[in-house]
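**Student:** In order, the protein sequences belong to chains A and B.
Mapping to full-length UniProt numbering: the first sequence position 243 is 243, numbers consecutive.
Mapping to full-length UniProt numbering: the second sequence position 121 is 121, numbers consecutive.
Because the hints were derived from the structure by calculation, they are not lab data.
No false leads were slipped in.
No copy labels: a pair is met if it fits in one copy or bridges any two.
Within a straight-line C-alpha distance of at most 27 Å, the following computed DSS-like cross-link-like pairs (lysine-lysine) qualify: (1) Lys128 to Lys155; (2) Lys74 to Lys14; (3) Lys252 to Lys121; (4) Lys121 to Lys215; (5) Lys125 to Lys227.
There are 2 protein chains.
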Amino acid sequence: MLDDKQPQLTSLDKLGEFGLIDHLTNSIEIQNDTTEKGIGDDAAVLNLGELETVVTTDMLVEGVHFNLAYVPLKHLGYKSVMVNLSDVYAMNAVPSQILVSIAVSSRFPVEALEELYEGIKIACKNYKVDLVGGDTTSSTSGLIISITAIGTAKKQEIVYRDGANENDLLVVSGDLGGAYLGLQVLERENEVFKVNPNVQPDLAQYDYLVGRQLKPEARKDIVQLLKDLEVKPTSMIDISDGLSSEILHLSKQSGYGFKIYEEKIPLDPSVIKTAEEFSINPVTCALNGGEDYELLFTISQEDYPKIKGNPNLTVIGHTTEQNAENYLMLQGSESAVPLSAQGWNSFEGE
Amino acid sequence: MLDDKQPQLTSLDKLGEFGLIDHLTNSIEIQNDTTEKGIGDDAAVLNLGELETVVTTDMLVEGVHFNLAYVPLKHLGYKSVMVNLSDVYAMNAVPSQILVSIAVSSRFPVEALEELYEGIKIACKNYKVDLVGGDTTSSTSGLIISITAIGTAKKQEIVYRDGANENDLLVVSGDLGGAYLGLQVLERENEVFKVNPNVQPDLAQYDYLVGRQLKPEARKDIVQLLKDLEVKPTSMIDISDGLSSEILHLSKQSGYGFKIYEEKIPLDPSVIKTAEEFSINPVTCALNGGEDYELLFTISQEDYPKIKGNPNLTVIGHTTEQNAENYLMLQGSESAVPLSAQGWNSFEGE
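For reference, chain A alone in the conformation it holds in the complex (with noise of 0.2 Å):
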């Protein structure tokens, strides 16, 4: 059963991480009343007492997603928390309690583990969060880190992905491909030091993009300023695995087709310079980078002019039809291209 070698079995590639979750537990059947929303969204919806409680985890795989020659524990540890945090955010809700538990090799000294907790601590106190548990075990390779993340809000208040309505206008907060950019920078440097470890890399030029992919935080301010504006998005999902992703669960989830344009995607100017650089397409970074943890939500056209001028905000497109296609209108020309989760490639090739 374990062994991948019978042809009947099926590699876990096929289905690809959304396509796996799907399958495994789209037969699941709610027994609880106090279970307002389950899978599917940034964060389950419990109904436990006045407030609702959002509650989500994520896992953090070394090897997978870090890789600790150019990661330090402390960054490591915030990063850990603010993944979660995001996912809070994204379901317009306020974090309060997080549980985090730690598999570590014996090879780690408890040094390195108080680094990741120190990193850890100061995310709980910058964002005002209790970290109330956990479990702390062994691994047999590597360090892995799984946080849940609790939160509430009114009923009212609770955005899920699912509410896009027709016509409503796409935005983004801040800008995007930075992380993925610094990750690119990064790698380079450490390979640079694998050959010649008496270089000393300077990664001044890259400050920004470098902190973006090591120290990202999550879009707190946002929440509130929607709420200062009075601005409540129709739906609404944190910026993971790229623009191009999560455009596609917000449009499945909504069942409307969503259009985004090319020029209004928010670049730093250091993503353009450095994806010139890379030799990448910038916007291809905005749209496959991920890990930015931006907010990504529609509005109604009427809250518009609340929105209109921010310098955190940009309206990057809109929905369109039910059942329609999701497309990137391409700058100066007619050209659409279409979106697509494994995109990276095929957009690369237009």
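Let chain A serve as the given structure and place chain B on it in line with the hints.
**Tutor:** Coordinates of chain B only, in the frame set by chain A:
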């Protein structure tokens, strides 16, 4: 930092699991009113509504907590849920939701994960718990399962680890030592199989023990029984690491010493018989074996008539005085052996 060869760094083994958790989390200050109880019990307690919310998480690692050579994936899925629900019951609460995160290497086919989820889903059904979220990701080696369980209880019903009083009775549900011996049987058969794969193991006489190891049940029924009997324990914990270790937790947190009596420790006849076969003291299996997932709790002496004679519950000892040591009173003698969490060797030496 990561390499443990520098002599000034502290090896993880030096602190042990509980020492490590204490060390990493003792400086944490609670920032939210909704955090009733943070780290240090079977579960955290949150004040999110009319009912209190309890939340707990546990991680199981291939090669550390289970060996897929003799643990069927369906049983593993079931047990992973039990481990977490047991912590919720140990708070005298009722579990309602779980989140499941899995890291898995590509050597596992989809069918293997289907089996694992089959066990998870059966557990959810049997215990009326909803699977509401999780994360599925790649691992560089092996299978890692991290589960978070959420439950609720009325504030006045929640039972902590620290509530024991002077001369309370110490009560345990079911019987002990079976899960540990089941593991010994499975490991022995696996060795035999490696030498001669054609030998069909006859495990019939070990059914009970192997069942205790592979398919433990969280003691939902005991929580209900205590409600029916109108007994509220003064403190409670579940037995995951062995009776000895759990008593030390109750003692440390309440400040009282405990005395338990060797002849009172409930042992199934097959535990006694199989321990003899393996030349182990069956009491040692109960004290240090772990994974029995029974509930261990203290009650006030006035509640004794309510539980007296109940076949599910055994009084095995009592609390003594503040700051007293914890002792096992040996059968048929006046000798007392101090209980210790790493007590396996020291006790065997008696």
